[in-house]
Amino acid sequence: MAGAFIPPSFCIVPKEVTNLSQAIRIAKKIFYLLITIFFVLVFNFVLFRLLPGSISTKMAHTAHANATALANLDKYYGLNQPMVQQFLTYFTKLLHLDLGNTFASYGGGTDVWDVMASRIGPTVVLLGLAEIIAFILGTVFGVIAGWKRGKVIDKTLLTSSLTFYAMPTFWLSMMLILIFCTKANLLPSMGMYTTGFRKEIVGAAAYYKDVARHLILPLACMSLGLAGEYTLTMRSTMMDVLTEDYMTTARAKGFKEGYVLRKHALPNAMLPMVTLICMNLGFAIGGAITLEQMFSWPGIGALTYTAIANRDYTLLQGIFLLTTVSTIVANFLADILYGFIDPRIKNS
Amino acid sequence: MRQVRVNDFFRQVRENKSAMVGVCIIIFFLLVAIFGPMFLHFDVSQTGANIRDTWLAPCRQHLLGTDHLGRDLLAFLVTGARSSLAVAFFATLISMIIGTAIGIISGYSGGWVDNLLMRITDFVLCIPWLPLCMVLASFMGTSIINIILVIGLTGWAGSARLVRAQTLSVKEMTYVERTVSLGARNWHIMFRHILPNVFPIVFANTVLDAAGAISTETTLSFLGLGDPTNPSWGMILYYAEANNAVSRGAWWYFLPAGICVILVVLGFTLMGYAFDEILNPKLKER
Amino acid sequence: MKGLQAMKPISRILAFLMVFVLLLALCACGSAPAGGTTTGGNASGNDQVYFRLGFKDGPDSLNPYAADVTVDQFVLSLIYDTLFAYNLQTGEITNSLCTDYTVDKNDDGTCTWNLTLRSDVKFTDGQPVTAEDVAFSLMSAADFSSLYSTDASVVDTKKITVTDATHLSLVADNDYAYIKECLSNVPIVPKHIWNQYFKYGDNGVYTADEDTAQSAKEVTPAAENMIGSGLYKWDYADDTCCTLALNKDYWNGTSDAQFFTLTYNVSNMLTALQSGEIDAAYTANASDIQSLSGNQNFKYVIGDNGDYTCVSFNCHDADYSKGNPLLRVPEVREAIDRCLDKSYIIQMAYGNLGIPDEGIIGANSPYYYDIKNYEGYKGNNPDAAVALLEKAGFTYGADGSAYTSGTRYNADGKPLSFNLYYSSDNTEDGDAATIIAAECSKVGIEINAQSIEKYTLWDYTDSYDYDMYMIEWSAYNDPFFVLNYFVWNDGANAYSTTVDGTVQYPGGWNDTGWNNQNYDALYKQQVVMSDKTERYPIVQKMIQMVYDASPISVLGYLGYVQAYNSAHWSGFTQLGGNSQGMIFTAPIVSQQMRQIQYNG
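Protein chains in written order, with my numbering: chain A, 1 to 348; chain B, 349 to 634; chain C, 635 to 1234.
These aren't lab readings, by the way, just hints derived from the structure by calculation.
One thing to keep in mind: the hints can contain errors.
[Stated by the list, open to error] Here are the simulated BS3-like pairs of lysine-lysine, each with C-alpha atoms no more than 27 Å apart in a straight line: (1) C:Lys1088 x C:Lys690; (2) A:Lys183 x C:Lys793; (3) A:Lys183 x C:Lys1012; (4) B:Lys365 x A:Lys148; (5) B:Lys365 x A:Lys155; (6) C:Lys1012 x C:Lys1175; (7) A:Lys75 x C:Lys793; (8) C:Lys792 x A:Lys75.
Whenever a hint applies, use it, and build me the whole structure from the sequences.
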């Protein structure tokens, strides 16, 4: 999935190292963090309420509910209260760590937290495995391409990674489904497991084998796209690293190619890769929505899609909150750690 | 001085093989988009005469086959080039302008202005963009202008960061003294001195943003948020999926459109990487 | 890449790991999916006979008070009984829980329905189904159920009298012809499980506080609260499917399928059928028909549910109506109707799954009237459309001179240019809109087809802020529902403005704004007639009136492809015993399951 992005400011090292003590620095960062989270809350809230139609509009038109039922519905969800009032209720509940109840009910019940938690598993499995596979492929191919720069193997790898990087994930899934499901009927095309195949009935081994079969295609789609991107990054940083002085020194000292590669080039080249993976986390949710739709994979992307269709405000607020807060917090923690670990800042 | 630099730039582009490949691809598609519709046999709105004309595989009459309504897919593809490229161009323009402006102002001003703008940028970066686009498109409606706005208004954050970083380093390099009192002086400095120095890297980044814009537009159209009266390649994929082209085995419906998207994104990416190599001072030594 | 400096140290890896761990922790504290233990005898799933029905969408909520969409309705109609039910062979509504009823007309115009119930029916927890449960179900549905409130309020739920365990009386405003059908939709839920939320008093009003009452909607459906007296009982549900187990003590028969599974979100019915993941498809695509007919293991029917698709015109003549006023000219509407080749539209846009019929009542109804027999019937005639437009004065071109090509203008310089909205999630309507635009442009009418998001579209149509829009209407068996669509004021469901001119927005379904007092009078007349010979001529007249005035342009009646695996299952009956009936709808799925045989 192509996209231009730069990590948030928490990650960029301030050029001038301040004279303030570390504690004040951290406190300032926490303050900004809280402000950002508050903006996210307000934005979340307003955005979904701006959407035309609400749960009662839906019930009026699809279920033909009568006036009493609709009025009762509005009254209960507080939808007939002024906006500010609704926000205060939401905010107070949030302070008690209560994300509220969803409007429709999903497999996990109606509590927003429970519903999200029941869907996170499949997404994490898919994304996690895809990232790992892509990381491995990216590292291996990127190193080879960077090391053998200019040769045929480099050109081939470069072209194919660029192609996969440019390919829309859902198009790749359409092609794979066409080949493996429609024409060859080798692999299942939807869902996480065959219906009726529950652990209690068929036993854990058969169940996991079934899930694995269903995992193959979505995993392939997701990891190929990511692998393309990682190969490119790895290749480019390898090229950077290989021209560094210490590399020339190591070679001059007579160390073998493989040793030089492992001990010097690789560790330094690895660092930007890890940045990329971290940043991909937030943006991968976008890729996961289309992918989960295509394969009916019951993860959080599919949940987002359904929630938008259902106008399920509370659930949407919960999902957005989760993804933005986790991205923000991860960056923040990394930034703090950076302050502790990086010797340049410590010794100032 | 500037003229020499521009000539130098073009020379370097011509020497860079991957850049040339990218440029050729983009020029090809631009020509197709602008002149293509004049050479079509069928109009894209011409539905088939009856149901036997639908779902035809590529044949002599219809080089790329027909869709579920009997419309010629080659016509669809060529007309789609216009929408896809137009969206990419204008959306990228919007995000470039906003991003550059915010980046320069933020980097140059420093202090609370910098802080505020960067908080807002963080905020935009942290929100998952696809659900946000879906929500915005839901109530803004699905005209092509809205799609351009949605993509443009959500995609500037990366540019802003980059421009700010560049501004900070340019600021160090210039000898200009900052005048606190006269606001006019500041704008003058920002546009006459900082912008030209920042511009090369902005340009390279913009080309890469264009690649991202095409991808985003394709994804949004695929999810049904595109403008049906201005069908783009993403819409072709949307119709293909909505009418189960995959299970019918109608590969001609979605294969060409996907290939076009890949080629255009590839073209912009190659150009962008090459421009970055040429224009980014830090990468020059490689 | 783009000038990525060698940035991050080990902290980046740590950050990633932290987020990963955070997400894993969330999985761990997620609650188990709703649903209890597996029931039904032997452990291995292979011995039990499953019937899997695939749906394109998923459920909204299986809670009887929050339920909304088709999938929900299916589950509820399998778990619960109703007072009346359909006879598959004849298509008529016959007695079910109610064994007998009498109707007494009262002096004030209302009528009392006296029902006698079966005495031998039990809920799956052993409690008997009594008149109290029936009364409770009607009262709570009318006040709180999204799906059944309209049906339950066909009687006055504050005036239900329970005489004993098997007798109760209901009071309705009038002897409406549709009372029995509406009552046949309301599921009978156990009072002893659900009344804790409402606490209905003797006066038929609930006495629990607001929050408690509404919390009934939030109850997670599970084995302990989804207790019914129907053919199946609750077994298991998660995000991908819902499984119900056969109720072996069901009073009205049994089924070969020990388990009924509703499979959600099947994006590809054909593939799922062929691979054996489902045994039947609730709606397959038109494009699947070819593959299905070529395969002897599968059979399909194309069922007609009385649903028609039409273009609705905004012809409301009021200040607040924001539609193009040219649509208030009847000749313009008629011209649009005439220039459409409806069989072509059905063929191309709806996959040839439909009957291009132009009356508002469908062929599967006993009140069907073939509009082609009407002497005022005009049919598809673009030349006649042009003649109509010329007669209405649209003989000018854009520059004011005589019309030659393009869009027609009238003497005031107003062009025939309209918006045609359709819901963005309905691609068939979108295709139809494309074709309609092309055909109208041939007679000089410019149509801008626009895809609008569903909720926004409802907002527009509710407030008369549109020119034309595509809509499908579904039907009850009794024609009252489709006829009611064009009523302006029947005293109960109507759009109206208040006396001092302040606008009152929608109360009924009429979003065309067409109103005709004669039509309203005829409606009031026929809605209380149950004798078909008396009622039919009035209904016929009403169909003709709507055809003449063209507040809508009916494109045709939609067919639904329902397929099943005939190698394993046989004995399906289409509703009404004819070749156009559905085999799967919520009101008949229970009867169908009792009828089909498993061939192994």
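Run the structure past the numbered hints and jot down the numbers of the failing ones, going up.
-> 2, 3
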